[in-house]
Amino acid sequence: MHVDKKEVLRYLGYRNQYIDSNLNNLIDESIEEIKAYIKPRYTFKMFDVEKYFNGIKLLESNLVLKGKDIKNHLKNSSKCAVFAATLGSVVDSKIRYYERINLTKALVLDACATAYIESFCDFAEKEIEKEANKLNLNITYRYSPGYGDLTIDIQGNILNMLDAYRKIGLTATEDFILIPRKSVTAFIGFQSKSIKRQHPSCRNCNKYSSCIYRKGGSYCGN
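Heads up, the final residue of the sequence shown is numbered 1332 in my numbering, and it's a clean run with no missing numbers.
Don't take every hint at face value.
Result set (BS3-like, lysine-lysine): computed pairs, CA atoms no more than 25 angstroms apart in a straight line [claimed, not checked]: (1) Lys1185 - Lys1161; (2) Lys1155 - Lys1236; (3) Lys1236 - Lys1115; (4) Lys1185 - Lys1303; (5) Lys1204 - Lys1277; (6) Lys1277 - Lys1236; (7) Lys1303 - Lys1167; (8) Lys1181 - Lys1303; (9) Lys1215 - Lys1149; (10) Lys1155 - Lys1167; (11) Lys1306 - Lys1236; (12) Lys1181 - Lys1236; (13) Lys1185 - Lys1240; (14) Lys1306 - Lys1167; (15) Lys1155 - Lys1244; (16) Lys1215 - Lys1115; (17) Lys1303 - Lys1240; (18) Lys1161 - Lys1178; (19) Lys1306 - Lys1155; (20) Lys1161 - Lys1303.
Hints in this document: simulated from the structure, not taken from any laboratory. Remember, it's a predicted structure, so these values are computed and weren't measured experimentally.
Let's have the full structure, built from the sequences with the hints guiding it.
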């Protein structure tokens, strides 16, 4: 996996500000250091989808995705891949350790870990895209609980359906927080290759109608 320093800075909240050499070096060191901690794993299953008046039903499962946003995201999809990914528990332990002795290092390491899990999800997404291509289909962007009106209280059902604890060591708290923390669950629709992909956040952007990225089937990352 490749992690772009610009992504780490974005997660740290930097927007074109001056970066001094100390922070620059700390980011470089943390990007390399965290490689020793991560144990990235993912799992996924594919389902046929059925639309109904206020959501999406994944056939041959007990999972119903309620909300107009996820329904709109999957409106052109005939199938849906449900996946979960994690960097493993050691990352959490190392961030907690640095929170006690060096808060700046902890914040940078946390941002690096976030960049790593996003990069790993990009990798998993490409693997899922290969499955869609076998069916002569393309994929949507991934859509996670917490986006729009898709609530996070379905995390437990997702993990149970994927047998995620046994397969990749991923579970959730009673408050639906994923453990390990640097983990993601998401839905990816399979749709016709003639349909351009649209990122879930694009619809709320004030540049939606004129965006050159969206017109090209991509998104800006903001």
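Measure nothing beyond the straight line between the CA atoms of Lys1185 and Lys1161; if it is 25 angstroms or shorter, mark the hint as holding. holds, 8 angstroms
Holds or violated: are the alpha carbons of Lys1236 and Lys1115 at most 25 angstroms from each other? Between Lys1236 and Lys1115 the Cα gap is close to 22 angstroms, so the pair holds against 25 angstroms.
Assess, step by step, whether the Cα of Lys1277 is no farther than 25 angstroms from the Cα of Lys1236, and give holds or violated. holds, 20 angstroms
Given hint Lys1303 paired with Lys1181 - CA-CA distance at most 25 angstroms: holds, 19 angstroms
Can the restraint linking Lys1155 and Lys1244 be considered satisfied, given a maximum Cα separation of 25 angstroms? OK: Lys1155 and Lys1244 at ~15 angstroms, within 25 angstroms.
Take the C-alpha atoms of Lys1215 and Lys1115, compute the straight-line distance between them, and say whether it is at most 25 angstroms. holds, 15 angstroms
Taking 25 angstroms as the top limit, are the C-alpha atoms of Lys1181 and Lys1236 close enough? Cα-Cα ~23 angstroms, so holds.
Next pair to validate is Lys1185 with Lys1303; report whether the Cα-Cα distance is within 25 angstroms. holds, 14 angstroms
Between the alpha carbons of Lys1215 and Lys1149, is the straight-line distance 25 angstroms or under? Between Lys1215 and Lys1149 the Cα gap is close to 20 angstroms, so the pair holds against 25 angstroms.
Need the status of pair Lys1161, Lys1303: alpha-carbon distance at most 25 angstroms? holds, 20 angstroms
Need the status of pair Lys1303, Lys1240: alpha-carbon distance at most 25 angstroms? Holds, because 13 angstroms separates the two Cα atoms, which is no more than 25 angstroms.
Taking 25 angstroms as the top limit, are the C-alpha atoms of Lys1155 and Lys1167 close enough? It holds: about 14 angstroms lies between the C-alpha atoms, which stays within 25 angstroms.
The structure is consistent with each of the numbered hints, conforming to all of them.
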